[in-house]
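There are 4 protein chains.
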Amino acid sequence: MKVKVGINGYGTIGKRVAYAVTRQDDMKLIGVTKTKPDFEAYRAKELGIPVYAAGEEFLPRFENAGFEVAGTLSDLLEKVDVIVDATPGGMGAKNKAVYEKAGVKAIFQGGEKASTAEVSFVAQANYEKALGKDYVRVVSCNTTGLIRTLSAVQEYIDYVYAVMIRRAADPNDIKHGPINAIKPSVTVPSHHGPDVQTVIPINIETSAFVVPTTIMHVHSIMVELKKPLEAKDVIDIFENTTRVLLFEKEKGFESTAQLIEFARDLHREWNNLYEIAVWKESISVRGNRLFYIQAVHQESDVVPENIDAIRAMFEMADKWESIRKTNQSLGILK
Amino acid sequence: MKVKVGINGYGTIGKRVAYAVTRQDDMKLIGVTKTKPDFEAYRAKELGIPVYAAGEEFLPRFENAGFEVAGTLSDLLEKVDVIVDATPGGMGAKNKAVYEKAGVKAIFQGGEKASTAEVSFVAQANYEKALGKDYVRVVSCNTTGLIRTLSAVQEYIDYVYAVMIRRAADPNDIKHGPINAIKPSVTVPSHHGPDVQTVIPINIETSAFVVPTTIMHVHSIMVELKKPLEAKDVIDIFENTTRVLLFEKEKGFESTAQLIEFARDLHREWNNLYEIAVWKESISVRGNRLFYIQAVHQESDVVPENIDAIRAMFEMADKWESIRKTNQSLGILK
Amino acid sequence: MKVKVGINGYGTIGKRVAYAVTRQDDMKLIGVTKTKPDFEAYRAKELGIPVYAAGEEFLPRFENAGFEVAGTLSDLLEKVDVIVDATPGGMGAKNKAVYEKAGVKAIFQGGEKASTAEVSFVAQANYEKALGKDYVRVVSCNTTGLIRTLSAVQEYIDYVYAVMIRRAADPNDIKHGPINAIKPSVTVPSHHGPDVQTVIPINIETSAFVVPTTIMHVHSIMVELKKPLEAKDVIDIFENTTRVLLFEKEKGFESTAQLIEFARDLHREWNNLYEIAVWKESISVRGNRLFYIQAVHQESDVVPENIDAIRAMFEMADKWESIRKTNQSLGILK
Amino acid sequence: MKVKVGINGYGTIGKRVAYAVTRQDDMKLIGVTKTKPDFEAYRAKELGIPVYAAGEEFLPRFENAGFEVAGTLSDLLEKVDVIVDATPGGMGAKNKAVYEKAGVKAIFQGGEKASTAEVSFVAQANYEKALGKDYVRVVSCNTTGLIRTLSAVQEYIDYVYAVMIRRAADPNDIKHGPINAIKPSVTVPSHHGPDVQTVIPINIETSAFVVPTTIMHVHSIMVELKKPLEAKDVIDIFENTTRVLLFEKEKGFESTAQLIEFARDLHREWNNLYEIAVWKESISVRGNRLFYIQAVHQESDVVPENIDAIRAMFEMADKWESIRKTNQSLGILK
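Residue numbers (our numbering), protein chains in the order written: chain A, 581 to 914; chain Y, 581 to 914; chain H, 581 to 914; chain E, 581 to 914.
In short, the hints are calculated from the structure, not lab data. Quick caveat, the model's predicted, so the values are computed rather than measured. Hints should not be assumed to be uniformly reliable.
It does not matter which identical chain is meant; a pair holds if it fits inside one copy or across any two.
Said to hold, decoys possible - No farther apart than 20 Å at their CA atoms in a straight line, the calculated lysine to any residue pairs in the SDA-like style are these:
#1 Lys831 with Thr592
#2 Lys899 with Leu913
#3 Lys806 with Arg869
#4 Lys831 with Arg641
#5 Lys625 with His771
#6 Lys693 with Gly773
#7 Lys674 with Lys899
#8 Lys806 with Tyr739
#9 Lys676 with Met896
#10 Lys713 with Asn820
#11 Lys812 with Glu830
#12 Lys831 with Pro640
#13 Lys681 with Gly646
#14 Lys806 with Gly867
#15 Lys582 with Asp898
Okay, chain A solo, but in the shape it has when bound:
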């Protein structure tokens, strides 16, 4: 028996999760919702994915364009075991009542508050916490990135200070700026530290900045250690951490541009770089402080988490079995 999955919202995250679902042997994609018949909707149809209107209010748009939908969100909810809410931040909380009423489990994304779900989730950090749950929140791309590497060195952490340099808009988003400025979150520490703490109990503070780029976030991480650790140990640890990859500037990885080029060279779908990219040369320890720099592909790093969350919620596999299946199906390198 395959778990029947619906996706509410077929944008940057939704379409990637939909694709990932189709790559699993224990899941079936039932349908996706759209608010308008744009090229992404046509592409879904071309792929044979049933497209539902995200609400009755959107039906006229589809009718006017002659785009036949399979129904509305409520129709979709009747057919699925779980809905992945990939709507814009804050809407998931509003949708929750609808999912509850329909009696379907739901996964929310990091744009929702932690309180929207029973557990906040990063597979390699707390898979077990989501076992059997009805409502799970996959944390944001940045938080996922922090947790992937920090959970790997968690036992050494006394305190973390992370500075996040964030892309201002996704490649497909032409509405948002800035075009030529740096915009700080002036409230320091920023909200990302507490968000990490919804998954792993570490002492962490962060600050965040928006810069005019579209392709990846970058994190400058400093860890105050509570027991000795050398740079080569950290390299070993990260080499053995799933969904974390080391990249060398010496091989030409000078910026986020070459990391994306790496994903393109692999012919990854949408140049997804599901793995967190750590610059190997940046890993250093001075006294009791560990430093490293990592980059996060905001469009895709949470995709495997959504798949693993489904398995945990239906208790379909244990942690490492799920991670292994997800990794293998998506071509995640390790």
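Since the structure of chain A is already known, use the hints to place chains Y, H and E on it.
Structure of chains Y, H and E alone, referenced to chain A:
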């Protein structure tokens, strides 16, 4: 018997042509050259592609990195029937003597002068001119884009004025600016008009501007017609023109960003958009003037031309057979 | 007697016009309006300019911040002879009824429709048309730029095709993108041609593109001539045209960045470049076609027009006297 | 008697220092050097500043352009008491021998190694160290920014970790990228920490990133305190620190764009923001850690330091007298 192909230069164009060669049933990729052992070189090796040093002077770099090469360019030249020169603009002309001495045919890219080769080439416009030739130049990405659409309406053209708004650097190139300025080619008309004339004999003048974007060029084209033509005729013509696609703003194609997203949604390798993208709504005729706007994916539009040029040079197929084979092998939509 | 001037909207255009008014010996700045007490409002106060709330609904914002205003827009209207409406595009039309009721003359900006005012205005092209009028529209930055140079060669024009490459946002605007894309106006010809025709009766068609830069627009202009003209004649004409300056790439003016640097080197307030910048080397004539490239500083080129419009509306000076006074007071080079 | 000052290199820094010299009542600008007759050279001439060729090898360029120079660098050196070396990074060290031979004192910029000069200099931190010296290095824009604020809280500092988000190119520089990427300095800690230590003896580590913007650098600073300090104390301290200004997001200072707009609104020459801009809301203390965010106008923050350095080298004024004179002459707010 398959034609044995080498690629001199495994960068933006070279790696795409190499990939395209591996997709042909009548060609065999013998090897590629690199000047340094960067991640692209490692990727080639992973793919089982023999990597040669682009010259003896580069051997120490590979040796120091412990990267084993299959030889140097001269070794590669001994094994191939044709070399695709994908070196930086201007270097091809210098390399020509080496190719001549080795007795191999050669394809040059648009960064070289027309006089470097016997013929300048765009498959759908002048395939036959390259039949049996030893030296063929595939024209630049911009010139290819102009010729694809203009050759389709060639009989109607009295005069063309095209304004090219060019991306300043490729996605993988972080060296070049500008970051926040528009840079005109102050010599008007620019060199692109005469370059078009190396392939089709039309009356054309152009101007060109560099702007801070990495993903696509855009052309604003105005054609003075010598006989009547309506917008709907042009739509028909372009719908029946190979390697040209119509995109509608109404479906969400508001900018070059969504065109690239379309290629990503198709899971095209490196988000290649081999086809020239014409905005359907932009096609209009007022009096004796036709207007339209098109976008060019500078990283990939010349790739199919390189493949077709090989077939023409070895007289392996006639024009439409070659175009059909190339299109099918690369997933080109029409 | 000085004309009493109020400014409704103290943003990019409003603050520059306010400054310009203070530089005139025949005008008096009575006050400006703001919707919120931001740093621009504080700066106005520092300069001794009375600040009014743009409406009663905005008063609480000022009160909460402890920022004392001099009243609201209606109070300001009681004290002025003319109001310069520098509100966001489209709001001017709505404000007109208020101005009419208050019995004050009004100047609108290019974001309003031509029908909002009795005349659309560029001083050097049609100053006389505005004499004694109550409602005048200063056309947009792009339209002003086109008219400054085209009116200088008007008698030679058979047809104009202009391509506008537009900055996506002003330097102070961090909300708007795109960050990495080119966005065409897919309706060709664009609305700019008809807008030019509200001032000068020439045959003109245009297309327009938005690109990720903040500092200047650039226009690529092609004129089909109805009588012979040589490039050197055009250079002579432009050298004798007010508010048009020739710049040479040879002297380092390679892009819009160096044009702004020129204004900064002059210590112009806000690096205003009131003059339209034409690249001298770009001026060329081939057959019956004239080509040239110009750049427009969108933040400031319409400022002198607002001043001249005031003089025309109150019949304070004839055309060349007003232009001379305005130029001299603002340091316009010619 | 006024000190006679020459400027070697009339680019971004050189032209600003030249201007600043002309604003001092105890200095006289003798001349500046250029390598080519570009618009900056013409502007210097317009301002009545003698222009010298930066070397004999550059004379033909000036001759060909009909630009009359006042001589070469060696002629200039004969006439001055001190030369401000504002040549590109690394050239100053090479020029030092020439200055020594000519027997003139010299100021170097932060692109040179500390060992090039006798002392590295930030006026408010170590003015006295430069008294009577022959060779002084004004540290880089970023290092100056760090020292201005950190020296004000120096007695509280146990350890500093600063992350620098750097503009990729100056507004006038269209050669350098990246256009759409973030580029880390992968060697962590970066060289900026040791550079701070050439001026003040604090325990500091840094990391650095280049992002696609041209207008300002931003620093995210975390200080581990060795004695208690509250946010309001830090606000008090910074309010009383020269060349440091507090800006509030609440007043509209959301990004670096509005900081530059502030300087433009002041009609500062070249929109210079000589002062370091600290976001008031960002100042916070949590436990023993102080956080704050600041921005640095890379084109101008070192200009007052160059002026103060001259006074120190000739023992023309004591520290606070010099700072006061420099501030007043340049309109520095405090």
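Each hint, compared with the structure:
no.: 1; hint: Lys831 with Thr592; verdict: between (30 Å within a copy, 16 Å between copies)
no.: 2; hint: Lys899 with Leu913; verdict: within (18 Å within a copy, 42 Å between copies)
no.: 3; hint: Lys806 with Arg869; verdict: both (9 Å within a copy, 17 Å between copies)
no.: 4; hint: Lys831 with Arg641; verdict: between (50 Å within a copy, 12 Å between copies)
no.: 5; hint: Lys625 with His771; verdict: neither (39 Å within a copy, 36 Å between copies)
no.: 6; hint: Lys693 with Gly773; verdict: within (14 Å within a copy, 38 Å between copies)
no.: 7; hint: Lys674 with Lys899; verdict: neither (30 Å within a copy, 58 Å between copies)
no.: 8; hint: Lys806 with Tyr739; verdict: both (8 Å within a copy, 17 Å between copies)
no.: 9; hint: Lys676 with Met896; verdict: neither (23 Å within a copy, 62 Å between copies)
no.: 10; hint: Lys713 with Asn820; verdict: neither (29 Å within a copy, 54 Å between copies)
no.: 11; hint: Lys812 with Glu830; verdict: within (17 Å within a copy, 46 Å between copies)
no.: 12; hint: Lys831 with Pro640; verdict: between (53 Å within a copy, 15 Å between copies)
no.: 13; hint: Lys681 with Gly646; verdict: neither (31 Å within a copy, 49 Å between copies)
no.: 14; hint: Lys806 with Gly867; verdict: both (11 Å within a copy, 18 Å between copies)
no.: 15; hint: Lys582 with Asp898; verdict: within (16 Å within a copy, 50 Å between copies)
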